[in-house]
Amino acid sequence: MFCPHCGKEIADGQVFCQHCGARLAEAAPISGGREKTYWEDRESRGFISGLSATLKDVLFRPSVFFKRMPVTGGLTDPLLYALIIGMVGVIFFYFWQLLLQGTMQSMMMPEMRAAAGQNMFRGIGMAALAFFSPFLIIIGLFIASGILHVCLMLVKGSRAGFEATFRVVAYGYSTNILLVIPFCGGLLAAVWAIVLTIIGLREAHETTGGKAAFAVFLPVIVCCGLFIMAIVMFMGAAALSLSTIVQK
Amino acid sequence: MRIFLQKRTQGRTEFGIIYGGIALLAICVGRFVPVLALAPSCVFRDITGVPCPTCGATRSVVHLARGEFLASFGMNPLVSLCFVIAALAFFYSLITLIVGIRRIGFILSEQEKNIVRSGTVALILANWCYLILSR
Numbered sequence: 001m002f003c004p005h006c007g008k009e010i011a012d013g014q015v016f017c018q019h020c021g022a023r024l025a026e027a028a029p030i031s032g033g034r035e036k037t038y039w040e041d042r043e044s045r046g047f048i049s050g051l052s053a054t055l056k057d058v059l060f061r062p063s064v065f066f067k068r069m070p071v072t073g074g075l076t077d078p079l080l081y082a083l084i085i086g087m088v089g090v091i092f093f094y095f096w097q098l099l100l101q102g103t104m105q106s107m108m109m110p111e112m113r114a115a116a117g118q119n120m121f122r123g124i125g126m127a128a129l130a131f132f133s134p135f136l137i138i139i140g141l142f143i144a145s146g147i148l149h150v151c152l153m154l155v156k157g158s159r160a161g162f163e164a165t166f167r168v169v170a171y172g173y174s175t176n177i178l179l180v181i182p183f184c185g186g187l188l189a190a191v192w193a194i195v196l197t198i199i200g201l202r203e204a205h206e207t208t209g210g211k212a213a214f215a216v217f218l219p220v221i222v223c224c225g226l227f228i229m230a231i232v233m234f235m236g237a238a239a240l241s242l243s244t245i246v247q248k
Numbered sequence: 249m250r251i252f253l254q255k256r257t258q259g260r261t262e263f264g265i266i267y268g269g270i271a272l273l274a275i276c277v278g279r280f281v282p283v284l285a286l287a288p289s290c291v292f293r294d295i296t297g298v299p300c301p302t303c304g305a306t307r308s309v310v311h312l313a314r315g316e317f318l319a320s321f322g323m324n325p326l327v328s329l330c331f332v333i334a335a336l337a338f339f340y341s342l343i344t345l346i347v348g349i350r351r352i353g354f355i356l357s358e359q360e361k362n363i364v365r366s367g368t369v370a371l372i373l374a375n376w377c378y379l380i381l382s383r
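Residue numbers (my numbering), protein chains in the order written: chain A, 1 to 248; chain B, 249 to 383.
Here chain A stands alone, though its shape is the one from the complex (with noise of 0.2 Å):
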């Protein structure tokens, strides 16, 4: 095929023209009909229609919203999305925590107590947190995007580029919602995360659903699976050594 920018033949599937740079839209290969989010086009439906629509679909239509999720247009929209709803996420928490923070010690055992006694989230620890807290949210919107990523390039699971698994996590903020919860809040927002990163993953890229899966479970995968591994090796060791002993 020929890049449309300047003119010269380039390699089929190329995102980019080798030549020029120019980005090839034609060679992503996802599929059409995706539209912009209702937060995406917040301009025409209002600010607070716009990030509610978008976050009853995130959480109760996560197939059909991400199936129609652009996964090109920019990194602003969805950062932005992912600021807010994290940033009503962590005024939940740091109300919960403040608020709760009696109850809560009241249950534990006197040993849990005096741990809490060092918990960083108490006075200044705390303050500092919720300053930094938007800056923490975007880097780690970065970096968790980052690692996603490359578990998925691992897998083969990649076909819609660095900016579609952005926009995933971005939007799979919403979960964040879920720390107006208190107690279990925080729990049911992390699981319901992982769901909709890996129906997000599946649809965005346009891969199955056990690829996104298992770029998301990769980390723990790696980690455990050779943990089994080296206490198999570790105990057939151990048989052999024994069996040697029994026969002498």
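What follows is a list of derived Cβ distance ranges for each label pair: (1) A:V64 / B:F317: 44 to 54 Å; (2) A:I221 / B:E358: 23 to 33 Å; (3) A:V64 / B:I333: 31 to 41 Å.
Hints were generated in silico from the structure; no laboratory data involved. The C-beta atom is built at its ideal place from N, Cα and C for all residues, glycine as well.
Following the hints, put chain B in place on chain A, whose structure we already have.
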């Protein structure tokens, strides 16, 4: 593999600056904040007694921040290497962005991509073996 020089297109995201910036920020934090006192211990290591693949990453960054490259490499070679590469990528991307010169790009064949995938996994495993054997 095909290596070429490519021109920067308008609106292209500068990943070198973003990820290199994050790496440099982490190095600065390692230099000026007592992160070793704040960082929690590794849960995997606490339970199993075996270091996880990222064990020593914080100490590696702290050593890097002090300019102790060998000590940093000894703590976690892969993390140390990634941070150095990210920091170099930051300056490279920044310079090419400011000066406006063409930057190096490359295209890999499907076979080469598979080699890179296998190499990455092998590198992570080798790094983990080193961590287990060195502690």
